[in-house]
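Work out the full structure, taking the sequences as your base and the hints as a guide.
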Amino acid sequence: MSEATREKLLEGALRTLVEQGIAKTSARSIAATAGVNQALVFYHFGSVDELLSAACRYGAERRVARYRERLAEIGSLAELLSFGREMHEAERAEGYVAVLGQLLAGTQTHPRIAPATAAGLDLWIAEIEKVLTRVLPATPLGEFADPVGLARAVAASFVGIQLYEGVDPAGAASALASLEQLTVLITALDSLGPVAQRAIRHHLRRTTR
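Note that this note's numbering has the sequence shown beginning at 1, numbered continuously upward.
Incorrect hints may appear among the rest.
Label pairs and their calculated CB-CB ranges [as the list claims (entries may be wrong)]: (1) F42 to E86: 38 to 44 Å; (2) A39 to L163: 30 to 36 Å; (3) R62 to G171: 25 to 31 Å; (4) S47 to G21: 17 to 23 Å; (5) R134 to Q38: 46 to 52 Å; (6) Q108 to P169: 21 to 27 Å; (7) R62 to R134: 19 to 25 Å; (8) R92 to G46: 29 to 35 Å; (9) E143 to Q181: 19 to 25 Å; (10) F42 to D168: 35 to 41 Å; (11) A114 to R66: 42 to 48 Å; (12) A199 to V159: 34 to 40 Å; (13) G21 to A126: 26 to 32 Å; (14) Q181 to S47: 22 to 28 Å.
No lab work stands behind these hints, which were simulated from the structure alone.
The beta carbon of each residue, even a glycine, is placed where N, CA and C say it ideally should be.
Written out as structure tokens, the structure is:
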């Protein structure tokens, strides 16, 4: 029963962030959303900030677990970008884009939730890094791209688009469309023959010295 209550509070915290925003997220509002007594927030987590931190980790772990098998099947950069667009649409529809936006905004007034928010993002980055480490060597870019840094760049790009969407949906859609155009370019690079790919690698070596 105790674990069930704890899970209700975690789910309640995430729903409250989506429905009411960080400014109106309190022990009272979370408890009301979860359908439990307000005192249980402090019994299980000690403070609202600790509950929000735990909810951030809980939500990220569940979302990453949902996509882990799919990510493991990705075999090219083009597939990764396509998956990113698909995931963005699903996460937005289910409210998790809003949760991320509220958590990032909340770090300004609730600095204690910043480490948990960063840890949640790191879960995504780790999965993206695995994909890049697997697919980059087979591309002309493999010799020059750093999977660790690129994974963070990819994650930051999608976080930025998700937040940007709240103030300029058309601009965010344009950014996602540009990523799709990049997918076309990457697919074209992947389809080049070995001679052409060697030429590209040679050119990149010269320009990155």
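Status of each hint after checking the structure:
1. At about 40 Å, the beta-carbon gap between F42 and E86 stays in the expected band of 38 to 44 Å.
2. In this structure the hint that A39 and L163 lie 30 to 36 Å apart at CB holds, the actual value being about 34 Å.
3. A hinted range of 25 to 31 Å for the beta carbons of R62 and G171 is consistent with their spacing of about 29 Å.
4. Take S47 and G21: their Cβ atoms lie about 19 Å apart, and the range 17 to 23 Å holds.
5. Our hint of 46 to 52 Å for R134 and Q38 holds, since their Cβ atoms are close to 47 Å apart.
6. One distance hint, 21 to 27 Å for the beta-carbon pair Q108 and P169, holds here, with the actual separation near 24 Å.
7. Checking the proposed 19 to 25 Å range against R62 and R134 shows it holds: the Cβ atoms sit about 24 Å from each other.
8. For the pair R92 and G46, the supplied restraint of 29 to 35 Å holds, since their beta-carbon distance comes to about 32 Å.
9. About 24 Å separates the C-beta atoms of E143 and Q181, a value consistent with the hinted range of 19 to 25 Å.
10. Look at F42 against D168: about 39 Å separates their beta carbons, and that is inside 35 to 41 Å.
11. A114 and R66 have their C-beta atoms about 24 Å apart, which leaves the hinted 42 to 48 Å range violated.
12. Between A199 and V159 the beta carbon distance is about 35 Å. The supplied range of 34 to 40 Å therefore holds.
13. At roughly 29 Å, the beta-carbon separation of G21 and A126 lies within the given 26 to 32 Å, and the hint holds.
14. Distance hint for Q181 and S47: a CB-CB separation of about 46 Å, inconsistent with the stated range 22 to 28 Å.
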